[in-house]
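Taking the hints into account, I'd like the entire structure generated from these sequences.
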Amino acid sequence: MPDDPSRTPKLDELEKGPWPSFVKELKRAAAGNAMSEQLLGVLELSYEDRVGHWKHGGVVGVRGYGAGVIGRYSDVPEQFPEVAQFHTMRVNHPAGLFYTTGALRTICDIWEKHGSGLTNLHGATGDIILLGTKTESLEPAFADLTANGFDLGGSGSVVRTPSCCVGPARCEWACFDTLAFTYDITQHFQDELHRPSLPYKFKIKASGCANDCVAAIPRADLSVIGTWRGPIGIDQAQVRAYAEGGMDVGADVCDRCPSTCMAWDGETLAIDNSTCAKCMHCINVMPKALRPGPERGACILIGGKAPIVSGAMLSSVLVPFMTFEPPFTELKDLIGRILEVWGDAGKNRERVGEFIQRVGLGNFLEAIGVEPLPEMVRHPRENPYVFYEEYFEEEPK
Amino acid sequence: MAETAQRKTDIGPPHYGQFLPPVIKANYGTWKYHEIPRPGVLVHVGESGDRLYTVRAGSPRLLSVQTIREICDLADRYCDGYLRFTSRHNIEFLLTDPARIDPLIADLAAAGFPVGGIGNALSNIVHTQGWIHCHSAATDASGIVKALMDELIGHFTSTDLPGKLRIALACCVNMCGAVHCSDIAILGIHRRPPKVNHERLPKVCEVPTVIASCPTAAINPVRKDGRETVEVAEDLCMYCGNCYTVCPAMPLNDPLNDGVSIWVGGKVSNARTEPTFSKLAIPFLPNNPPRWPEVVEAVTKLVDVWAAHAKPYERMGEWIERIGWPRFFRLTGIPFTKQHIDDYRHAETTFRRSVHIKG
Numbered sequence: 001m002p003d004d005p006s007r008t009p010k011l012d013e014l015e016k017g018p019w020p021s022f023v024k025e026l027k028r029a030a031a032g033n034a035m036s037e038q039l040l041g042v043l044e045l046s047y048e049d050r051v052g053h054w055k056h057g058g059v060v061g062v063r064g065y066g067a068g069v070i071g072r073y074s075d076v077p078e079q080f081p082e083v084a085q086f087h088t089m090r091v092n093h094p095a096g097l098f099y100t101t102g103a104l105r106t107i108c109d110i111w112e113k114h115g116s117g118l119t120n121l122h123g124a125t126g127d128i129i130l131l132g133t134k135t136e137s138l139e140p141a142f143a144d145l146t147a148n149g150f151d152l153g154g155s156g157s158v159v160r161t162p163s164c165c166v167g168p169a170r171c172e173w174a175c176f177d178t179l180a181f182t183y184d185i186t187q188h189f190q191d192e193l194h195r196p197s198l199p200y201k202f203k204i205k206a207s208g209c210a211n212d213c214v215a216a217i218p219r220a221d222l223s224v225i226g227t228w229r230g231p232i233g234i235d236q237a238q239v240r241a242y243a244e245g246g247m248d249v250g251a252d253v254c255d256r257c258p259s260t261c262m263a264w265d266g267e268t269l270a271i272d273n274s275t276c277a278k279c280m281h282c283i284n285v286m287p288k289a290l291r292p293g294p295e296r297g298a299c300i301l302i303g304g305k306a307p308i309v310s311g312a313m314l315s316s317v318l319v320p321f322m323t324f325e326p327p328f329t330e331l332k333d334l335i336g337r338i339l340e341v342w343g344d345a346g347k348n349r350e351r352v353g354e355f356i357q358r359v360g361l362g363n364f365l366e367a368i369g370v371e372p373l374p375e376m377v378r379h380p381r382e383n384p385y386v387f388y389e390e391y392f393e394e395e396p397k
Numbered sequence: 001m002a003e004t005a006q007r008k009t010d011i012g013p014p015h016y017g018q019f020l021p022p023v024i025k026a027n028y029g030t031w032k033y034h035e036i037p038r039p040g041v042l043v044h045v046g047e048s049g050d051r052l053y054t055v056r057a058g059s060p061r062l063l064s065v066q067t068i069r070e071i072c073d074l075a076d077r078y079c080d081g082y083l084r085f086t087s088r089h090n091i092e093f094l095l096t097d098p099a100r101i102d103p104l105i106a107d108l109a110a111a112g113f114p115v116g117g118i119g120n121a122l123s124n125i126v127h128t129q130g131w132i133h134c135h136s137a138a139t140d141a142s143g144i145v146k147a148l149m150d151e152l153i154g155h156f157t158s159t160d161l162p163g164k165l166r167i168a169l170a171c172c173v174n175m176c177g178a179v180h181c182s183d184i185a186i187l188g189i190h191r192r193p194p195k196v197n198h199e200r201l202p203k204v205c206e207v208p209t210v211i212a213s214c215p216t217a218a219i220n221p222v223r224k225d226g227r228e229t230v231e232v233a234e235d236l237c238m239y240c241g242n243c244y245t246v247c248p249a250m251p252l253n254d255p256l257n258d259g260v261s262i263w264v265g266g267k268v269s270n271a272r273t274e275p276t277f278s279k280l281a282i283p284f285l286p287n288n289p290p291r292w293p294e295v296v297e298a299v300t301k302l303v304d305v306w307a308a309h310a311k312p313y314e315r316m317g318e319w320i321e322r323i324g325w326p327r328f329f330r331l332t333g334i335p336f337t338k339q340h341i342d343d344y345r346h347a348e349t350t351f352r353r354s355v356h357i358k359g
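Chains A and B, in that order, give the protein sequences.
Mapping the first sequence onto our numbering, position 72 (from 1) lands on 72, and the numbers just tick up by one.
Mapping the second sequence onto our numbering, position 263 (from 1) lands on 263, and the numbers just tick up by one.
Incorrect hints may have been included.
[Unchecked claim] Heads up, simulated SDA-like pairs for lysine to any residue below, C-alpha to C-alpha not over 20 Å straight-line:
id, chain 1, residue 1, chain 2, residue 2
1, B, 8, A, 64
2, B, 311, A, 247
3, B, 8, A, 139
4, B, 279, A, 234
5, A, 288, B, 45
6, A, 16, B, 150
7, B, 32, A, 229
8, A, 288, B, 46
9, A, 201, B, 212
10, A, 288, B, 43
11, A, 288, B, 29
12, B, 32, A, 285
13, A, 278, B, 26
14, B, 32, A, 234
15, A, 288, B, 120
16, A, 288, B, 49
17, B, 311, A, 243
[Stated by the list, open to error] Only part of the chain A face toward chain B is listed, based on derived beta-carbon distances under 8 Å:
id, residue
18, 93
19, 96
20, 121
21, 177
22, 261
Hints are computed from structural coordinates only; laboratory data are not their basis.
Backbone N, C-alpha and C fix where the C-beta goes; we use that ideal spot for every residue, glycine too.
In structure tokens:
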């Protein structure tokens, strides 16, 4: 099929053009793999009739796990029997998405032997996605993965594969060790990651600074964002060097500060750190001159999610500042209490953000043993319908 | 690869430490600053004075093992066997010898991988599975991304934009990925309620679970031909597909009515302004494979108008906030319709409750 352009005329169109082509990838895999060859046919069919040809569902996986494999079946199995079953395996990536070529080649060898030879590097959550295999191949593929030091990631109603930014491995702005945290928390929650026991998915993502390179606030139920206390470090000579190099420090740095806490007189950059929102803009623009303040830690936020079920949410502040060093016991304990409260009282397919919306943030805080703080809200409530559990009663005479 | 001896479980991922190149191990946590010497290349300088060069290349995300091995060949040749990936599907080659940058970029070009995506540029388009592997996709993902990046590649390989440009695509409202906080989000949408298969539903689904799955209480129990099944109040259905995910007997894929919507002005970063959701720009464009010309034209226009009008560092949403939404619609020529006005929870908080109306 791949050598016969008349079989996939629509997809062939996407082999042209300067951006790397996924159709070329499909055809490369198809040259030696019957599943990938028929995947081309299924996709061409979708391009003709403008609808997908996959059915979801079916409990499928490896022994002892309830997660890590996405069961997938074709709705045209007679036409494409090689992809009648086409399950995906999610493999937990190394923190920071660093690899040696040896490790990547091992993954390639395993997937050439047991699957379609097609991957995604990476899935949106961060896992290595091994795209498409048959039920009978799942257990052998899993055995080869674990023999080589890899394990499956999360899927369904579990703690999903935690992920993080590049962190202190290659970024001067990392306010905590995102890789150490992500590895540690992933190991800590192995049972919750592989065996569904929660109302719905629970995503944990860690970014070393407020630039949030892994989009933790929009998409993680538990977002960990690096931040600092104390004054931003300034090298005035380097500020002047940026200005001499053509940067308009007034317009592009001071005027873009959301707290208007900066002033530039052509010689000296002044920062009123008491009103700094720690947004990162000035540091982003002048990395040689400015750096995060001396006391580093993390802000913990909760409840971010995509629209399903009842609407998209951004995470909101749960702990404004947490000193954040291995073994991260304070946060592990907090996550444990969250999973317990939400796990007990959450409804099926209700994310923790939706749960908080239903029961009220105040009640949720009480249940997990966290004191309410003004940092958690934009402003105090405007509506006067306030609930009280305690009230005065006249003493019996 | 090692042979299997005994069944192992719950070993977790391999420790990242074994994959870090020596220069990173030596400078871990002590990087001082970085610069962008040219598009697609970063240099990080440590307190030690060590320099680490990163060359970032775009990939189609969907990769064959054959191509991954070629990428490994390049990392072996230029980076002593170390490489990494970004959360936006880019490949990063990590070098210590600046003399190797040009030959690496030449080899990448020969292999078809563009270098870029750093600084005030378009990074790779985060996207989902689409028709390649998803049951609920309202559009394909890889096809639109390929067609669009063919058109916008110049903004990937240069730094000619006012600020960062983050485009993302999700093929349905499940939104695998942070599509909902992107400068430009391309979102596959269904536009018709699910079609209940009354014969199949009682065999494969629990009726109470199906009813509970609906966020607008549009699903009710009904008895049909002696079967316990459900019916959908179509005027309440907002086509979210949650019922289909819990019950395969309620498909809502519809080739005539499925398509693509375009959203603008969201961002993830806290820099300057807070993280923000993207807002609706174009309610519906048709699925027109293989190159989705309507989508490519619409997104290209949005990029062009923003690039022509935004000030330095202004992301799409910050630019729109400055000029006001009425002017955004005038400049882009996009008609404002009934669909642009929210009618879900808290819709009233999006209505203009002042006379602050910009030009």
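Status of the hints after comparison with the structure:
A C-alpha spacing of about 11 Å is found between residue 8 (chain B) and residue 64 (chain A), which places the hinted pair at or below 20 Å, so the restraint holds. For the hint pairing residue 311 (chain B) with residue 247 (chain A), the CA-to-CA distance comes to about 14 Å; that is within 20 Å, so the pair holds. Restraint check: the Cα-Cα separation between residue 8 (chain B) and residue 139 (chain A) comes to about 11 Å, which is no more than 20 Å; the hinted pair holds. Distance hint between residue 279 (chain B) and residue 234 (chain A) is unfulfilled; the C-alpha atoms sit about 37 Å from each other, more than 20 Å.
For the hint pairing residue 288 (chain A) with residue 45 (chain B), the CA-to-CA distance comes to about 10 Å; that is within 20 Å, so the pair holds. A C-alpha spacing of about 9 Å is found between residue 16 (chain A) and residue 150 (chain B), which places the hinted pair at or below 20 Å, so the restraint holds. For the hint pairing residue 32 (chain B) with residue 229 (chain A), the CA-to-CA distance comes to about 19 Å; that is within 20 Å, so the pair holds. For the given pair, residue 288 (chain A) sits about 11 Å from residue 46 (chain B) by alpha-carbon distance, which is consistent with the 20 Å threshold.
The suggested pairing of residue 201 (chain A) with residue 212 (chain B) holds, with an alpha-carbon distance near 17 Å, which does not exceed 20 Å. For the suggested pair residue 288 (chain A) and residue 43 (chain B), the alpha carbons sit about 12 Å apart, so the restraint of at most 20 Å is met. Proximity of residue 288 (chain A) to residue 29 (chain B) is assessed by CA-CA distance (about 16 Å); at most 20 Å being required, the pair is judged to hold. Distance restraint check for residue 32 (chain B) and residue 285 (chain A): the Cα-Cα separation of roughly 15 Å lies within the 20 Å cut-off, and the hinted pair is therefore satisfied.
Between residue 278 (chain A) and residue 26 (chain B) the CA atoms are separated by roughly 28 Å; this puts the pair beyond 20 Å, and the hint is violated. At roughly 13 Å between alpha-carbon atoms, residue 32 (chain B) and residue 234 (chain A) fall within 20 Å of each other, so this suggested pair holds. With a CA separation close to 18 Å, the supplied pair residue 288 (chain A) and residue 120 (chain B) stays within the 20 Å bound. With a C-alpha separation of about 13 Å, the suggested pair residue 288 (chain A) and residue 49 (chain B) falls inside the 20 Å cut-off, and the hint holds.
For the proposed pair residue 311 (chain B) and residue 243 (chain A), the alpha carbon gap of about 18 Å is at most 20 Å, so the pair holds. Given hint, residue 93 (chain A) at the interface with chain B, holds; its Cβ is 6 Å from that chain's nearest Cβ, closer than 8 Å. Annotation: residue 96 (chain A) was flagged as interfacial toward chain B, and the flag holds, the nearest CB pair being 5 Å apart, inside 8 Å. Among the interface hints, the one on residue 121 (chain A) holds; its C-beta lies about 5 Å from the nearest C-beta in chain B, closer than the 8 Å criterion.
For residue 177 (chain A), the suggested interface contact is upheld, since its CB lies about 7 Å from the closest CB of chain B, less than 8 Å. At about 13 Å, the closest approach between the beta carbon of residue 261 (chain A) and any beta carbon in chain B exceeds 8 Å, and the interface hint on this residue is violated.
Checked against the numbered hints listed earlier, the structure breaks hints 4, 13 and 22; every other hint is satisfied.
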